[in-house]
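All chains should be modelled from the sequences, with the hints used to inform the complete structure.
Going down the list, the protein sequences come from chains A and B.
Per my numbering, the first sequence starts with residue 1, numbered consecutively.
Per my numbering, the second sequence starts with residue 1, numbered consecutively.
All copies of an identical chain are treated as equivalent in the list; a pair is satisfied when it fits inside any one copy or across any two copies.
Listed next, the in silico DSBU-like pairs over lysine-lysine satisfying Cα-Cα at most 35 Å (straight line):
hint, residue 1, residue 2
1, K140, K45
2, K145, K45
3, K299, K258
4, K299, K237
5, K336, K311
6, K237, K336
7, K45, K311
8, K165, K45
9, K299, K336
10, K140, K165
11, K165, K311
12, K299, K212
13, K299, K311
14, K45, K237
15, K258, K237
16, K336, K258
Treat the hints as calculated values from the structure; they're not laboratory data.
Protein chains: 2
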Amino acid sequence: MRTVLLAASLCSIAVSALAQTARPDPGPLTIARQGSFFIGGRDVKSDTLSTLPAYAASGTITVDQMYVRYQVPVGELGVPITLIHGCCLTGKTWETTPDGRMGWDEYFVRHGHPTYVIDQVWRGRSAGDPSAINAVRSGKEPVDKLPTVFSAGHESAWAIFRFGKEYPQTMPGMRYPISAQVEFWKQMVPDSLANLPTPNPTVPALSELAQKIDGTVLMSHSQSGIYPFQTAALSRKGIAGVVSIEPGACPAPTEDMKPYAGLPILVLFGDYVDEFPRWAPRLANCRAFIAAANAAGGKAELLVLPEIGIKGNTHMLMQDNNSLDIADILLDWIGKHAIAAP
Amino acid sequence: MRTVLLAASLCSIAVSALAQTARPDPGPLTIARQGSFFIGGRDVKSDTLSTLPAYAASGTITVDQMYVRYQVPVGELGVPITLIHGCCLTGKTWETTPDGRMGWDEYFVRHGHPTYVIDQVWRGRSAGDPSAINAVRSGKEPVDKLPTVFSAGHESAWAIFRFGKEYPQTMPGMRYPISAQVEFWKQMVPDSLANLPTPNPTVPALSELAQKIDGTVLMSHSQSGIYPFQTAALSRKGIAGVVSIEPGACPAPTEDMKPYAGLPILVLFGDYVDEFPRWAPRLANCRAFIAAANAAGGKAELLVLPEIGIKGNTHMLMQDNNSLDIADILLDWIGKHAIAAP
Chain A
1 MRTVLLAASL
11 CSIAVSALAQ
21 TARPDPGPLT
31 IARQGSFFIG
41 GRDVKSDTLS
51 TLPAYAASGT
61 ITVDQMYVRY
71 QVPVGELGVP
81 ITLIHGCCLT
91 GKTWETTPDG
101 RMGWDEYFVR
111 HGHPTYVIDQ
121 VWRGRSAGDP
131 SAINAVRSGK
141 EPVDKLPTVF
151 SAGHESAWAI
161 FRFGKEYPQT
171 MPGMRYPISA
181 QVEFWKQMVP
191 DSLANLPTPN
201 PTVPALSELA
211 QKIDGTVLMS
221 HSQSGIYPFQ
231 TAALSRKGIA
241 GVVSIEPGAC
251 PAPTEDMKPY
261 AGLPILVLFG
271 DYVDEFPRWA
281 PRLANCRAFI
291 AAANAAGGKA
301 ELLVLPEIGI
311 KGNTHMLMQD
321 NNSLDIADIL
331 LDWIGKHAIA
341 AP
Chain B
1 MRTVLLAASL
11 CSIAVSALAQ
21 TARPDPGPLT
31 IARQGSFFIG
41 GRDVKSDTLS
51 TLPAYAASGT
61 ITVDQMYVRY
71 QVPVGELGVP
81 ITLIHGCCLT
91 GKTWETTPDG
101 RMGWDEYFVR
111 HGHPTYVIDQ
121 VWRGRSAGDP
131 SAINAVRSGK
141 EPVDKLPTVF
151 SAGHESAWAI
161 FRFGKEYPQT
171 MPGMRYPISA
181 QVEFWKQMVP
191 DSLANLPTPN
201 PTVPALSELA
211 QKIDGTVLMS
221 HSQSGIYPFQ
231 TAALSRKGIA
241 GVVSIEPGAC
251 PAPTEDMKPY
261 AGLPILVLFG
271 DYVDEFPRWA
281 PRLANCRAFI
291 AAANAAGGKA
301 ELLVLPEIGI
311 KGNTHMLMQD
321 NNSLDIADIL
331 LDWIGKHAIA
341 AP
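Here is the structure:
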């Protein structure tokens with residue numbers, strides 16, 4: 001029912017399922033301040049930092065910190081937004097699209113929202129620890145102590161991102177700028193998350209960041225989809241709302257729903273979900289979670305784009321050819337629902 | 001002699017060796033455009049991308065691409081500047097300092113220079129390949145096929161960065177904001193460069209970037225200090241000048257100097273160099289290189305900061321407490337020497 005209400009409120013935005021709203025040259029952007037910093041981090045002592053003579057094997061390094069880059073626009077400010085990328089990717093997800101269009105990071109700033117882009121711990125500019133590799137390399141540990149680190153190949157990622165059911169076929173009407181796919185593959189990085197504890201150290205870092213910002217929407221994607229919920233379960237401090245884009249998982253509907261009571265939550269899915277065995281159960285679980293959360297006093301909504309007439313969106317909808325139209329929908333929701341001073 | 005001339009031209013800038021020039025609140029910043037993209041990259045087929053059932057072991061990934069983030073200010077533009085970080089670090093090097101002051105990335109933009117910040121290939125947001133690790137982990141390759149990946153520990157990095165001769169002692173008058181050292185350690189990442197060919201794939205990527213920008217100063221640091229020279233040896237196209245900050249190596253003076261003829265080159269060193277056995281020979285070699293380059297029609301200069309009365313600068317001088325004064329020196333040099341249309 002909430003979906004229906006949301007759809008009604010969005011009818012002026014979703015004017016066309018076929019083409020992105022024309023976007024004029026946005027002109028210059030004036031920002032009040034920008035920069036980058038880290039959140040979290042812990043020191044680790046190791047005797048296997050290096051196998052090179054130029055760098056000592058023994059010493060202390062810092063890991064589990066989360067890189068954050070931010071821009072704050074001038075003028076009246078909207079609710080800050082924190083962008084949390086998904087599996088095998090970095091904060092680059094939200095920047096300039098593979099075909100050279102404006103990313104959500106800049107678009108949100110241009111709409112008055114201080115915007116924070118993170119790299120999950122152990123990925124991108126957030127350092128991991130090579131000690132386990134060097135411990136095996138130097139014979140101190142057996143091979144089975146090697147870390148679990150993987151890359152997603154283009155061919156298998158194809159269906160995960162729902163570009164098509166099988167590489168290189170594409171879904172009919174699919175909106176990803178597939179002619180620029182070579183630029184997308186460059187965004188993918190090796191992923192060490194399987195080595196990390198639960199919750200991932202990114203989660204307490206997000207909590208600390210939300211409190212530092214003192215009010216932010218946590219906008220997650222895919223593998224990080226669950227992180228804002230896990231963050232809310234740690235503490236509601238600083239969380240102005242949750243936008244979970246195509247989460248790999250929502251909280252189980254059987255869980256305690258107290259952490260989400262009164263928290264504005266939007267779970268967003270694109271098109272073709274029911275045609276993909278990887279995704280259909282995830283959407284079904286999110287539907288059940290939202291029902292459970294609302295039954296327990298929640299303010300949770302599910303938006304499945306084809307249900308409001310927007311078709312063709314893939315898993316990477318922040319880069320699809322109507323990405324800024326989707327951004328408008330999210331900005332509209334944030335403007336109406338996010339808690340101004342959580 | 002060039003050093004003396006340079007020193008004379010800088011006497012109005014280097015007013016004090018003791019304190020950074022006071023910096024008022026810079027106010028808002030207006031940029032014409034910004035974004036990020038990758039340069040380079042090649043596809044690699046592998047059967048050991050993953051040991052997890054959720055991700056296929058076989059497939060194609062893209063590696064050797066170089067991440068680039070840029071901002072172009074409004075108004076009359078200076079020569080573009082490309083910032084190339086050093087060992088065990090990422091583009092974060094040039095952003096907000098550990099104690100929260102403005103980084104050179106923004107400072108240069110505020111002075112009218114389109115500024116490009118890269119992550120070297122296989123580091124930060126520029127992906128590496130985990131195949132070798134998984135090949136060993138799955139028993140397909142022996143342990144000695146594991147990649148060489150190392151992290152620099154705080155204790156050994158201490159003398160490399162010339163904070164002091166031995167951790168945690170500091171050099172007298174040392175300008176690094178050492179009270180914020182915990183934030184600096186968070187910037188350090190594992191480094192895979194020892195696995196990569198020579199020249200490092202970052203070098204052809206820099207050449208491609210320089211040609212895309214169509215004129216940029218290549219500003220390198222430490223381990224990447226040699227890269228602009230290697231880039232010039234590939235092609236002079238797009239290179240407006242070279243600023244090499246505390247290079248780990250200059251080209252050998254016995255090499256062919258033709259690639260550097262007529263190229264504006266500034267090699268910059270901070271303080272205490274002769275007191276550190278790691279650094280003294282590097283400075284000596286750079287002096288010899290500059291003499292050889294100039295003897296062959298070069299336009300190369302060496303600037304050793306204490307020789308013009310600026311004392312206390314460490315290896316991380318872009319983060320020292322007088323970092324913006326050093327930036328002014330470089331901007332002055334770029335304004336006078338960089339080739340406007342290379």
